[in-house]
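**Student:** Each chain, written out:
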Amino acid sequence: MERRKFIRNLGLGAAATIGVPYLLPSGRLFASTGVRKANHVVFCLFAGGVRNLESVHKIDGNLMPYSFKGNENISSDIISGIDLVPPNTGITLQEQGTLYKEFRMKYGPTGHYGAHATAMTGVYTGENLNINTNPQYPTIFELYRKHNSPGMSAKNAWWVSNSLGPYAHLNYSSYEGYGADYGANFIQPGSIISQDGFDSLGNSRVYNNTEEDKIKALRGFCDAHFTSQYNGAANSIVNTEADKKEIESFINQCFTDAVAGQFDDPWGIGQGLYNNDMRTVQFAEKVIQEFNPELLVVNMQGVDVAHDDFTEYASNLQKADYALGHLWNTIQNTPGMADDTILIAMPEHGRNSEGNGLYDAYGRQALDHTNDEMSREIFALVLGPNGVVVQDQVFSQEKGESIDIVPTIANILGFDADIPGGLLSGNVLNESFY
Amino acid sequence: MKKVIFILSVLILFSCKKEKKISYALNDVNISQNSANKDHLKSTTEFISIAYSDIFGTVITTDKLADLSTMYKAFGDKKLIEEMVIKNFLNEPTIQIPQIDRTSEITIQNFVTDSYKKLFNRTPDEYELWFVTDMIQKDADLTSELIYLSLMTANEYRYY
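Residue numbers (the numbering used here), protein chains in the order written: chain E, 1 to 434; chain R, 1 to 160.
For the record, the hints were derived by calculation from the structure and aren't laboratory data. Cβ atoms here follow ideal geometry from the backbone N, Cα and C, with glycine treated the same way. Treat the hints with care, as some may be off.
[Said to hold, decoys possible] List of simulated lysine-lysine pairs, DSS-like, C-alpha gap at most 30 Å: (1) R:K73 with E:K244; (2) E:K214 with R:K79; (3) E:K216 with R:K73; (4) E:K399 with E:K69; (5) E:K58 with E:K106.
[Said to hold, decoys possible] Listed below are several chain R residues computed to face chain E (Cβ distance under 10 Å; list not exhaustive): (6) L41; (7) S49; (8) I50; (9) I100; (10) I106; (11) I108; (12) D114; (13) K118; (14) F120.
Bound-form chain E, shown alone (with noise of 0.2 Å):
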């Protein structure tokens, strides 16, 4: 071949793979367009209902010192009623990131479930919320499997909850196009790692491979000859067969180490100090530790017995701020997450300024969340790599929005700009980031 022609046939050659766009095995043309900050994303829903005057203005003294810095001593009324977790000796969480003071659930009812769906969604929900069904509008899950690329397994995304109820169907929408194909691995472990649950489906047979195979010809067959609409998904999300078997071996060892005894005192704080967000995070640590997903929501809700007694409320306030900072510092020190996961926290709501006539032992009156405006004031936490996130950063003035969180959740990711328009409201949290 001439020398003169090589070359231009090689030009042309290195144009034409650059040109051409690549499919990718998830079918997109395109990879997701945006460039990720963090490979992966720990949402807190540090919920319940938290009052900013208890949290982040510290009316009663700090009763988040994991999260917040200062040391103003909690209120001498309520001091005996609380169970004190041990004192904060290291860093505080704001100083890792940004905080938030003023955010706000702008509209919709004050409602657990609904400003579940709404920090979950990235859309406010009205007053005609259907607590038996799917959330209307695609759940971060759904935006992530679905936009992100290459297209990842539900193994990926984990929905730890702290209660069953209507929360169980916050792991995927109703929304057309999305739905249970792009959902996540729901888990309440409250009713499953535990004695009951261990009686009832921790004496599971294990199946060798061969037999595992048999299985599968005879159960394929039985599906390729079933000719109803059941696709398998219809109700459910579904884990590829490696997936599954992985969480199954999982679960199995969770009963395994709960029977011996693991599960009983996991943060060496005494076992009579643990309510059930602990118990709840420290699920969430194992999945953590165990998958490295590269989404996953936890709740908690235990200070919601605001409505009966305000002192357990700042009990289980300041547990529920000890289990945040051990969330932190478990990803931490967890290969493949440490120093390349962005922690968000934020409670769903807030309360209501004046009490419902209700007082505990110590004279305190309870708390409902009925609308009024400080209900809907609440603060969020942005903690990430130095770099990435700005560290020891403070908003005191009104910023942000509880629908802000899933766009936020989105560009971390990479995926924001996949996202159809129109589908999200909300902005990216950019000042949290450099």
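Please arrange chain R on chain E, whose structure you already have, making use of the hints.
**Tutor:** Structure of chain R alone, referenced to chain E:
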């Protein structure tokens, strides 16, 4: 000339033969899929209580049903939790599932038919009967437990 006529006559006489009527010994079979009209999804409690009865031959207690229903709701991948529930049932010493009588093809077919009737609430069609019987005949290690697990974790078992 006479010779030619004779030869032609002989050829005509022996070259044409009346066609024999052959009828092949095939019976008509039903090839419609008799699972097609199942479109009612079992509820969680129906699934668990039916599975318990199918395996233990008795009714599940209210407490156990409540416990298992809660666990079922607490897990997002329903196929996985269903599989775990069945696997745990099958590992109990008190299970009441029939063993396969491998004496003859007929006895194996009887097991397959009975299993389909019990678990899918219908008889297997000819192809299903042949396929599963053939699997059992070819594999001495294919136990009734493995067959029950396969059928009870199949999509059809979720419906009635």
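**Student:** Give a verdict on every hint.
**Tutor:** Here is how each hint holds up against the structure:
1. R:K73 with E:K244: With a Cα-Cα distance of about 17 Å, the restraint between K73 (chain R) and K244 (chain E) holds, given a limit of 30 Å.
2. E:K214 with R:K79: holds (18 Å)
3. E:K216 with R:K73: holds (25 Å)
4. E:K399 with E:K69: holds (20 Å)
5. E:K58 with E:K106: Holds. K58 (chain E) to K106 (chain E) sits at ~22 Å (cutoff 30 Å).
6. L41: holds (7 Å)
7. S49: violated (14 Å)
8. I50: Status violated, d = 16 Å.
9. I100: For I100 (chain R), the interface hint is violated, since the closest Cβ of chain E sits about 13 Å away, which is over 10 Å.
10. I106: Since chain E brings no Cβ nearer than about 21 Å to I106 (chain R), farther than 10 Å, the hint is violated.
11. I108: This hint is violated: I108 (chain R) lies away from chain E, its Cβ roughly 14 Å from the closest one there, beyond 10 Å.
12. D114: For D114 (chain R), the interface hint is violated, since the closest Cβ of chain E sits about 16 Å away, which is over 10 Å.
13. K118: Violated - the Cβ of K118 (chain R) stays beyond 10 Å from chain E, reaching only about 14 Å at its closest.
14. F120: OK, holds: F120 (chain R) within 10 Å of chain E, min 8 Å.
The structure does not agree with the numbered hints 7, 8, 9, 10, 11, 12, 13 stated previously, though it agrees with the rest.
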